[in-house]
Amino acid sequence: MPNPMRMRANVEGDAVVVRVLMSHPEDTGLMKAPDGKIIPAHFIQSVICKNNDKNVLTCDWGTAISKNPFLEFRFKGGKSGDKISVTWLDNKGETQTDTTTVS
Amino acid sequence: MNQSRRQVMQLGAGATVVGLVASAGLLPVTAQAADAPGWDAKLFEAKTLDEIAKALGASATESTEVSIVGPDIAENGAVVPVGIKSTAAGVSMLGIVVQKNPTALVATFSTKDGAEPNFATRIKMAQTSHVYAVAKAGDKLLFSKKEIKVTLGGCGG
Numbered sequence: 001m002p003n004p005m006r007m008r009a010n011v012e013g014d015a016v017v018v019r020v021l022m023s024h025p026e027d028t029g030l031m032k033a034p035d036g037k038i039i040p041a042h043f044i045q046s047v048i049c050k051n052n053d054k055n056v057l058t059c060d061w062g063t064a065i066s067k068n069p070f071l072e073f074r075f076k077g078g079k080s081g082d083k084i085s086v087t088w089l090d091n092k093g094e095t096q097t098d099t100t101t102v103s
Numbered sequence: 104m105n106q107s108r109r110q111v112m113q114l115g116a117g118a119t120v121v122g123l124v125a126s127a128g129l130l131p132v133t134a135q136a137a138d139a140p141g142w143d144a145k146l147f148e149a150k151t152l153d154e155i156a157k158a159l160g161a162s163a164t165e166s167t168e169v170s171i172v173g174p175d176i177a178e179n180g181a182v183v184p185v186g187i188k189s190t191a192a193g194v195s196m197l198g199i200v201v202q203k204n205p206t207a208l209v210a211t212f213s214t215k216d217g218a219e220p221n222f223a224t225r226i227k228m229a230q231t232s233h234v235y236a237v238a239k240a241g242d243k244l245l246f247s248k249k250e251i252k253v254t255l256g257g258c259g260g
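Read top to bottom, the protein sequences are chains A and B.
If you count the first sequence from 1, position 83 lands on 83 in this note's numbering, and the numbers rise without skipping.
If you count the second sequence from 1, position 57 lands on 160 in this note's numbering, and the numbers rise without skipping.
Extracted from the complex, chain B is given alone in its bound form (with noise of 0.2 Å):
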């Protein structure tokens, strides 16, 4: 009888473990949330340059053609302006990807369709780290970098 009571226990408190993740919203959201047509989860996931180089098909290559600009040190990192631009050549897509990031990739631009390879957004940081502006140029991904050092996080609040 003993036994049966624990094994209840175990039950109850195996179950309450999981109603208590499940509430304090631990799961997976991706899974529930429909992403936008066309966004690519697996890019955003991606921790490094050179994993995104890998997940667009390119390889990263650093180059001149590819400027970046900010302030060298941003007060408070959850609104940090940032400016990308491109000379090169046969620019389909422009990123700008933070190294420190929780998701490096913070933003990509389509040049497909007439817009100029000049852009300006703002972003968040969530510490001092290098920032890169890259330029999918055929199978190169082209980049350049910048530091910004952060003083105030982006992430914590």
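Bound conformation, chain A alone (with noise of 0.2 Å):
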């Protein structure tokens, strides 16, 4: 397993601002390898953000997103100590879960 996601989450005004920075190669499956073979596709395709446990933001993703991905996200409702989690799943099927608490 890589490396653990880096998150944050404020409150901001009347909402909670989240930060994600995942780490994940994000290929395409267009470029190639300095040997001359392409590099498989392997990226990020679903993202599923919860407010504890209750569903808040699901993203379906493409191969345009940067490698080691970077989302922010808000939402009403949350509220300091929240614990939020964040969980991606890719073409290859292997997933991560990470969660933290609004400050």
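By construction, these hints were calculated from the structure, which means they are not laboratory data.
A portion of the hints provided could be inaccurate.
[Stated by the list, open to error] Label-pair restraints from in silico Cβ distances:
1. B/Thr164 with A/Gly81: 35 to 45 Å
2. A/Lys76 with B/Lys249: 24 to 34 Å
3. A/Ala33 with B/Ala191: 38 to 48 Å
4. A/Lys83 with B/Gly186: 22 to 32 Å
Just so it is clear, CB atoms sit at the ideal spot from N, CA and C, and this is done for glycine as well.
With the hints as a guide, dock the two chains, each given alone in a separate frame, to form the complex.
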């Protein structure tokens, strides 16, 4: 398993702002390695964000998201101390979940 | 005898080609990979905004209720910070579309579960292109566009 996601969740006004930095190669399947072989596509397809086990955000991503993806989103109804969890699932079936608390 | 030898050679040559193609990874990989649940491959295969709108069952309309923020000039097409926002009512989904990318649709964000229609991420761009922020509201696909110049492509390395 690669590095854990770097996450930060803050209350800003009446909303909670969550920033996530994931660790993923995000290969498009179009680039070639130095030996001329095509690097097979390996990218995150789905990201699910939860606040205290309640679904907040579902994303579908293509290959054009940058390497080590960054995501910022906000939602209302959260408060300090809430648990935020982010799960990604890629096209090879790998998955990773990390959690943080709202500060 | 010569003829049968020729046939054998042809067969062998054909098999080699297939083998080379397979080992070079030119055969479609999508058939082997298991897509994430809910991931719509058709949507990500669309080449233009209109095709994406069609795949979503909506018609594309330019709107001021959707906005996109990003740099005017991106020095590195592999990492272009982009923010999208919508103030329109009844938006169920937001997305980013890059007109001249090999896969036009970059990402979709569902706002059905309470997330605000306001997202930021980093995207790859193959070349200078219009970037669209799209928002699906009912049967309309609202969009606004911004041209981002790329001085170094994101897909060549």
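Checked hints:
Between B/Thr164 and A/Gly81 the CB atoms are about 42 Å apart, so this pair conforms to the stated range of 35 to 45 Å. Remark: the range hint 24 to 34 Å for A/Lys76 to B/Lys249 is upheld by a beta-carbon distance near 27 Å. For the hinted restraint 38 to 48 Å between A/Ala33 and B/Ala191, the CB-CB distance of approximately 44 Å keeps it satisfied. The given range of 22 to 32 Å is respected by A/Lys83 and B/Gly186, whose C-beta atoms sit roughly 26 Å from each other.
Checked against the numbered hints given earlier, the structure satisfies every one of them.
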